[in-house]
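Chains as they are written, first to last, in UniProt numbering: chain W, 1 to 603; chain R, 1 to 831.
It should be emphasised that the hints constitute simulated quantities derived from the structure, not laboratory data. No experiment lies behind these values; they were computed from the predicted model shown. One should not assume that every hint holds.
[What the hints assert, rightly or not] The list that follows gives simulated cross-link-like pairs (lysine to any residue, SDA-like), each with its CA atoms no further than 25 Å apart:
1) Lys-708/R - Glu-561/W
2) Lys-56/R - Asp-358/W
3) Lys-349/R - Phe-304/W
4) Lys-253/R - His-358/R
5) Lys-112/W - Leu-35/W
6) Lys-286/W - Asp-428/W
7) Lys-321/W - Cys-665/R
8) Lys-122/W - Asp-74/W
9) Lys-445/W - Thr-58/R
10) Lys-58/W - Gly-95/W
11) Lys-553/W - Leu-657/R
12) Lys-445/W - Pro-464/R
13) Lys-319/W - His-358/R
14) Lys-543/R - Asn-198/R
15) Lys-564/W - Pro-694/R
16) Lys-349/R - Ser-279/W
17) Lys-318/W - Thr-353/R
18) Lys-708/R - Glu-567/W
19) Lys-349/R - Gln-355/W
20) Lys-445/W - Asp-472/R
21) Lys-349/R - Asp-306/W
22) Lys-321/W - Ser-522/W
23) Lys-112/W - Ser-339/W
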Amino acid sequence: MASPVSAYNSNALDTHISSTSRESLKMELLADVSLLPGEERIIDKETMYICPFSGAVKGKVLITNYRLYFKSSDADVAVTLDVPLGAISRVEKMGGASSRGENSYGLDITCKDMRNLRFALKQEGHSRRDIFELLFKYAFPLSHGLPLFAYVTQEKYAENGWSIYRPVEEFRRQGLPNNKWRITFINKSYELCDTYPTVLAVPFKSKEEDLKRVAAFRSRARIPVLSWIHRENQAVICRCSQPLVGMSGKRNKDDERYLEMIREANDTPKLTIYDARPSVNAVANKATGGGYEGDEYQNAELVFLDIQNIHVMRESLKKLKDIVYPNVEESHWLSSLESTHWLEHVKLVLSGAIQVADKVSSGNSVVIHCSDGWDRTAQLSSLAMLMLDSHYRTLRGFQVLIEKEWISFGHKFASRIGHGDKNHADQDRSPIFVQFIDCVWQMTKQFPTAFEFNERLLLTILDHLYSCCFGTFLYNCESMRDQQEVRLKTVSLWSLVNSKMEMYLNPFYTPESGRVLYPVASMRHLELWVTYYIRWNPRIRHQQQSPVEQRYKELLALREEYLKKLEALELSDSSPSSRLANTPNTPASSTPPQQYTQLQTPL
Amino acid sequence: MLTGSKTTFKVRQMLPDIKERMLSQSGVNARSRDVFGLRCLPGECVLQRAVMVRKKLTAREGRGWVSGTLFCTHFRVAFVPQDSPKADDNADPVLLGDHDVALASIEKVVVVGPNRTKLVTPNSSLKFTPEELVLYCRDLRVVCFLFDRLTPDAQVIEITYTIAKTYQPPKPGSVLSFQNAALGSVEMKQFLSNRHRNTHMNWYESASDWEQELERCGATGWRVSSVNDRFEMSTSLPRSIVVPQKVLDTELKKSFAHFNEGRIPRWCWRHPRGSDLMRMSSFQNNIYHEKDDIRNLEMILFGCHSSLCVVVELGEELPSPADIQLAHSRLRALCLGDISTSMSVPDDKWLSTLESTHWLDYTRSCLRKASEVACLLRGGHLTVALQEADDRDMACVVSSLVQVMCDPHCRTQQGFQSLVQKEWVMAGHRFYSRINYHRDNDKEEAPVFLLFLDCVWQLLSQYPSRFQLTDDFLLALHDSIHLPLFSSFLANCQRERCKRSQNIGQSYTPVNGWRDVLHPDSSSDPSDPPLPSVWDWSLQYSKHRRDRFTQPVPPIPPLQPLLNGNLNTNPDAHRLTDTIPGSVFLLSRGTFSCPANLLPWRSGTSGVYKKSHRRAPSSENVPGLERLLKAWALAEFPQGLTSTSAPQGPLDPFEPLLPLLMGPCMGLWRECYLRGALHAQAFSHPISANHPHPVERLAREVQQLKDKLAQVSTSTAIKPASMMAEPRRTDTNLNQNTNNGTFLFPASRPQSATIATAAPPPTSTNHQTSKGAPPASAPPSRPGHKDNGGSNKHTFLFGHSSVAEARPDQRYYPAPNNAKLPKSNGSSISS
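Pulled out of the complex, with its shape left as it was, chain R reads as follows (with noise of 0.2 Å):
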């Protein structure tokens, strides 16, 4: 009888109190609130909760501690502070609160008693009333709670164990439980797929969608082949792929053959100067090569520069997806400690153990190889192809970290995003196996995203002025990663996103025409909620934490649009384009070569080529490309090239940001990685939540006057003339009101002063309505604007002009190769 009673109870703490399933069930409609201030998610149920907890505030979030109920539901332990504003029942459910944990993202669950710590799994019973809960997270948060003497020991008992068996513990088929815990509702069904998309970034998914960024890019030469619409051509490649323009579909459908899982060489990006930056897997070399297969080959792989290709290997000085796990593992254990112990490396160890991650000798590899293609790149017209077995890993980090580099727009959040849709999701990074929410399959387990983020963070604390998104944007980002309930991130390529879009229904399915193509998959349940994307940051992060993902008033010189993929400035291409046409190189551990066997069909074995093209492999052109490389090696000993390396050096937005790689310029992305309880943190901001860092602030303020003097050249703007109030809503108006760029904002002219206050800089209302006008540094690709032409007037537009007239010009925007720049900018700023 007694055991009997036992069991009884546990399974009673197990059930949900049936008084607040009511409460939070007959909240479901209404969206209400529960009594104790959680809004729950419709379909949400309140398991457990406490009162009178406190929470522990990281550094970001002022330090300290905040007193408040704890809640653990199906798909959250959910966390609502004393005093948090009520909030508006009518409002769009939001996943997570500020102080949120999703159940998928808890790793491990620790209690301390007195005098004791115990790792809490779903089958151990206490033997003490916890004082503290600590959440270890799979994305390296460690949330901790503190239970008040007033906090009742029954509730902190249930709570801790009700935590205990409902977080997911790795294994297979938690995740759809979690999937569905969270978006499974009728009312979260019809809420997601009501949602409109995100419209200011480009999402890959159709040919139109690839033309605009050709446009954007400038490339000529290149079009959109549906060739792979019905994925039969390469399974993990896209609907869309940009080939050359003289290849025809039936001559490329050949091709495929001889890559790797036909992974043929696709166009990513164009360079300004005209460079073109392709990727592909690796040769398949058991086939015959015919004559005319060779002919496309060759086409598809140089592309628009017939003279010159460097074949970029990948598979060398990289780390493989196994040494990255390895890395990031070590990584984690040293940043979090042994959790159950509550052990950590100790301190005077820690730089050499930190070291033996080799962590940070990956994140050095990927930027030093980013930055010979990016230098490669910027030296004139050729090609160059990233090349990888199966150009799935390093490719996607090696070809997004170029475009960082070298392309401003990637450097704003939306097209950041859009770089990620293309070079990941869209290109087909396996995302499901390599995170591995399943926890099914270790062997393929590789946080490569992951370190494509820390990369980009290094490029980020070392020209944080170059950025629009911020360091909270990319730690969004990273947290994301660790929560399997996006569509971007729950599929390896796009016609596994395909497939499960169209399982679940028409009315979630983004109606496209193709979803007669593919045979129901089995596998994934009709019923299974939908996904919504990862970019859709409203569902997971509140108003004002997606306020921080962007710096309030944008960078300068601004982050522009690439408008001419054509800007002929550099003297090397002249030499470069001199070449004998059809000039393949490798590019590997530094130096050009040319292998025989480089390209499969051309070595001896295959015959063909040589009997047709009798061509000696040229190295002619070596120094000219070593001299590509070595401006990257002198950007590292700035004498030589001062133009390009000096900190606020020339604003040239296609100068690349090389990022200096010796060990002690390479930093721990401490914000993320050291964000655990087990040793105190660094304040960053003294002054914490209360009072922002004097920047912020003061870009703040900047920004509330751009508002205000919106407003107010708003009200003057009506009276004049209906034409004036229409420049500020849409960002067309505006660039047509800018063919005259430069001279759009003089104050001496009176009529064009009105003009200037009447268009607000578009970023303003960007920052504002995040559904208003596109932002400013969002393509202007729309037909009409080809023919802007040079992307001088431009910069200025979208320069702050205004700044630009008030200063010496020279600071904004100086002379290139002013071999003395060190010197009059040191005067400027003394003085």
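One chain only, chain W, in its complex shape (with noise of 0.2 Å):
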């Protein structure tokens, strides 16, 4: 069955979830809960969950290699845990063997997803010793020599999700190769670039010793490629990393030159280089070799889009957090929301992405880059392919700009989330790609119908970012996932989507090629993703379905039945007077109403 783990309730209403967990919550106390298979027991014990919205709360808890699992024994309190181990940052014992006061001895979980768990054991005996050893064991199995339940686990599905992304045939959909742009295949067994994907688009007239040239002189070897091209005016999105300036200010003639090369593919009067990074940063880069692209590259302008790096985002989620878990900041919420300046970074990734999608659109090629060009980078490049093409903002058109623009190009998804790892404090650690996903959830709320895959797609994706459920973010990069033989040991994210793919459909999608969507990146028009950031909060609503769509779903029934009637009244009439009846009946095909004609003169 699909879907066996997106299930994180933190209570019976937390509604977000598929059909078979749900089912699953329904059997008696541990004693039938549904496990995946190659799902396996560890433990299970009496214990009370201390939950912040409705007090401590007695029941069981099972621990398996896959999950955390809790259930209230109190029939008056439902309370349901179900909590994939990958989702655990940090567990910590709490109080002492000596420690007075209520359910002060017992364990405490950091969750990555945005919340805590506390646990209050019995004081007698070290209860809880082994449940904390079990516990830390299987929550961060990489640090203890154990595999990821990804490698464990035997679910199948209809679906082979690996096989959503193929890179030659996403080139050959944006037109490539042409007489401007190549395929080349010289980083085939990763030597140019251990970082990138075996197949990259460059430009024709680039010879391969260009390439390792090139290379030698950016970041990580990370060469400017082709992410992206326009379809009529061949303006191109490229990215790469920082050159590698470095205090002396040194200067790289194939650098410059390959640079060029991109700009007279379209002959783009100026080729722009957008550096993602505040220009203090950038500067400050130079120090450790790095650095920005001067005057000396000739026909190209350099653009600072002000993006703070992985560690600022860090701190701005955690503030987030802090405001809204477990409880809400009432009395001043706007300005401690303000203060977490998370909507500020949300709307400055999307101001970027944005200046970049009317740059290219205007027919103007660009380059994106940040320090590394595996995290503002992988934003700005994949949501300005979503303003611009309308096939990522498709359900599978989706999965193959994540596959492509994030896990191909290796953004370090190991590195940021640390799956499997308990280091908690890890300075690599940052919420990059969660911020993406809000900025695409930014743009689903501005563009209702633009989108073909809801926001539930959106919400499955952040839960099995976590879970280690699935093999598709694991591992910083291709190189490191052939090592490990993730496309044949594991199962893909996406077959678990496809194979329940209506699921994630949005009713109200309209298909509109060409159409560039321009987001307001203001704070008038942002807002917090209430139902992802404030989920386990129960007095947010659970909403299965927006209200919205459920009206959508009411009315195609409406519809259904008064066509029904009216064949009925058709057939059951022959009537010459009822020749009204016989015009089409295909509601599909009428004309809108009057009221929308007169409005559309815009100049």
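If you follow the hints, you should be able to join the two separate chains into one complex; please do so.
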């Protein structure tokens, strides 16, 4: 069955869940927890869950090699928790053997998905020692020489998600190769750049030796390569890492000539280089050998987009968590929200992507980089592509976008998320991908009919970003994934999604190709993604579907009903007076009502 | 000489071009159009015009620009798009076209030239040719016109001057000239006096209107008293008030003196579970309470529920009018930015600045108070009396919010209009002073009504599928407030309205026989034009915009009328009625108490009461009451009370819509406040005007199908028998068909199938022809329906029972208190 793991409920009302997991919840206390194929019970224990919303709840906790499951034994307070161990970032002992006070002795668990869990245990006889040790071991398998659960599970799906993205096919869809751009396999065995994919699109004129020389001048050899090309005006989005200018202001003729080749490909008058960083940071990077393109790059202009680094984003989200979990800051909500700067960061990322999209749609090629070109660069290129290309707004297209711009181009998921790793304070961790999904959500809010997928897909993606149930987000780059045989030994998240596609479809989707979406990147129009960040708060309604969606379904039913009746009437009545009923009764072909046509006069 | 000629030039600018005047005046009789397509009102003169102007369209209008001709008359700034369809010359005059701005709603005129922006006042002179003309309106709209290079410079400058000179700078006296410009012509007076008033709503003007409401709510034990018919008892109360049946008018008369402004406790509404909502002003303290008075006062206050009365004090936790005014002016400033400098709050300070306006805090506190009251009312048989010092501001907000939350009828357009009429217009909210049209009483100014509209919008945005009215309707109402043309808002109470209508001559007065009562007031001139009601929407909005005031296909479950005020389904009711008769509690800051001085006649000083009714203040039923409020708190913690708070939970129509009030759940009404042009606007629909939102499109489709079905069935129905054709005209007949409501539609019965189609759900006709059959949601208050008994039958009647039969029932009518609801719900959806 599908979606065995998207259920992480903190309570019975928590409903953004698949049907299978719900069934499992109906079953009696731990006896009938439905485990995934390959999932094994490790330990269970009587315990007390200190629910921040309804107080201490008695029940039983079960730990398997995949999840932490809790069910209350008290029928009045139905609390169920179903947390994949992958979502746990930190497990700590709370209180000591001698600590006083009710429920002061137990476990304190910090999760990556915006919540904390506390369990109280009996103080007698070191009752928490075994459960703590086992939880610690299975929550952080890589730190204990155990495999990630994705390698253990035996789950089967109808679709094979690994086949969703084939680089050459995707380039062909974009119209590549053509007489300006060629496909190169120079990185076939990751010799040019170990964090890049094997298939790259580069300027037709560039030679393999050029690429190697450019690689020497770009941080981690991440040379400028094509991500997307505009079908009509042939403007391109290229991505790379920072040039290795350093303190001495080194130049590299090959790099300069290479960028010139990119510019020449569609004869852009000026190539725009977007440096995602604030200019101060870019300057500071010179000290460590990096830097930015200077005046020596002719016919190029450099624009800084002022997006902060991974550490700033991590702290910002931490602050956001502080004001929404467990309790939502009541008295000064808006200024508290403002002080987290989360929405402001979202705004900067979006407005950077808007600038990129705008440049490209007006016919100018762009190059995007930050420091290493795997965080902010991925955000900008993928968001700009989402704005420019309606294909990426389909359910499958969006999967391709993530596979391409994030996974294949080496966003360091393993480091940023810390899959199976106990080192919760690792400075490499950062919610960059979460921020990207937030930006996508903002776009779906502003353009409710432009996306084929719905909010549930975004939630599912974020849930499995941590769950370690699928291979999709494991490891930092393609070379590592090959080495670990991810595609052979694990299942792709897209197998789950594409086996149950109808769950993730937006009923309002109105396909419209060739339209560039420019969201409004202003605090006045951005919203906090309440149904993600505050979803553990039972006060926030977990809407299975939006009221609008519900209404749409009701209307569909009504339409069916009327159509049936009309048909019945036509059959029953053969008199000529009923000729009205013979007019085409396919409502889809009905002309839009008059009132809309009056407004279609903009110049 | 030179200076002289300059002045004459200026004067000449001001005078309408003679030719144009001739044109528009010649059109008066035939109501014909100006050559450039502007259809003038009778007597309206075009002062100036400019050709080849482009108007910026808002997100709602589809964005972009539309080209056309700009006019300035002494009533409005009008804009006629180039290719707008030729209007029907015989159609009724519409005050404002879709692109027009009334002069009275303009707050500031700003022109943008090459590299500069200038605020244009009546005295300013331009040193450059404007490229853009921006009108900032009081209703927060920002209308922007762009002058093409093809627009003659002279026209640009002259129309700018003309607008700057004729728009209504806030000063006393300008309102009247504006009214005269719009409505003062003989033809307009004639036209307005012949208008039919909307019969689908309740105007609460006469005793029978109130009786109709009593009947709709199933409120027994109450009667309509005309004791205030001459406004002698209370000048600010309406002529008819609803009081307990057992209190005689002679007894009633003595009670007025005990309340501030004579605003005695009056009945407002009955919850279907039997509780009554009342409102009153504060007690007059310096008055001696006779024994008989006390008996009467208690009878009035307790109404039908002799056991329990909760007095809800509105003063403490709600904003004062001054607070509201301050918050609103801050919100305006924030949303529009500094108009003259085009500066606005930096984006990174937006949230905290928005917070510091306190506007959202105030909407929250109103909603919280109303939620508390709604929870009390649903608990059973008690009287809730809202008490405010003068009972004319926050009592209006809270009483009407409670009804919007609890009474589905109030979520329809007609029901909402009736509600505003009942709780605001007739109840004596001082619209005239609060809006301060004349700009002569800044101290009193406070947009209390706009705060209420925002609260309703919050409810609408949290429960969109439970409303028949739309935010377009709320927006229209919001904007109309700023137009000093409507009798609804141009007076502080019914007495003032009566006075005015009396003075403008017999033909414009609703003749009800009280005219001789009042002495003509010299303050209003007999030549004042008659003022229409704001509910006469066709005066202001074209058909296609009015169509958007309601959802094309009403939400499911239907907004059914309340039929029976005595639904006794709540177990708590018994416990509450168990209490000692005569218990009064004060609800303040979320807790109940019975302070000694709550009722002044029971407190020690007045003495009489204690001697005769010695009774310790009971606090036994405080727990009972607190349980009711706890239900509200639990609603925010759904695991306790899943049935009431799950989003598409039980669609018990009497469950109040309790809003979530946490910070993240309160939104800003962007479509209203952020209409300004200073920053880019979000597209709500990427495909804009030509392609409505799929939901809308589908709704229209369903509507068309429904109409077609009606048409087809008409033609079929004529054949079998004449009796079949009858029911589709009026809903009276429809109702008669439905005494066996549930069994009306089943397709299995060959006969009933024809009935079903012959009687289209009345809503369809409602939307098609607004003057057709009464809306589905209209209270079936006509005699003959009372014995319809339980409302269940009607649930099906108005509920497109066809749908209910097509889909599993529990989806629409899940069993209440089903703790496992979310689960079953979820699985049915994912399937």
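Each hint tested on the structure:
no. : hint                  : in the structure
1   : Lys-708/R - Glu-561/W : 13 Å, holds
2   : Lys-56/R - Asp-358/W  : 22 Å, holds
3   : Lys-349/R - Phe-304/W : 22 Å, holds
4   : Lys-253/R - His-358/R : 42 Å, violated
5   : Lys-112/W - Leu-35/W  : 22 Å, holds
6   : Lys-286/W - Asp-428/W : 21 Å, holds
7   : Lys-321/W - Cys-665/R : 17 Å, holds
8   : Lys-122/W - Asp-74/W  : 18 Å, holds
9   : Lys-445/W - Thr-58/R  : 18 Å, holds
10  : Lys-58/W - Gly-95/W   : 19 Å, holds
11  : Lys-553/W - Leu-657/R : 22 Å, holds
12  : Lys-445/W - Pro-464/R : 16 Å, holds
13  : Lys-319/W - His-358/R : 24 Å, holds
14  : Lys-543/R - Asn-198/R : 15 Å, holds
15  : Lys-564/W - Pro-694/R : 21 Å, holds
16  : Lys-349/R - Ser-279/W : 23 Å, holds
17  : Lys-318/W - Thr-353/R : 23 Å, holds
18  : Lys-708/R - Glu-567/W : 11 Å, holds
19  : Lys-349/R - Gln-355/W : 23 Å, holds
20  : Lys-445/W - Asp-472/R : 20 Å, holds
21  : Lys-349/R - Asp-306/W : 18 Å, holds
22  : Lys-321/W - Ser-522/W : 22 Å, holds
23  : Lys-112/W - Ser-339/W : 21 Å, holds
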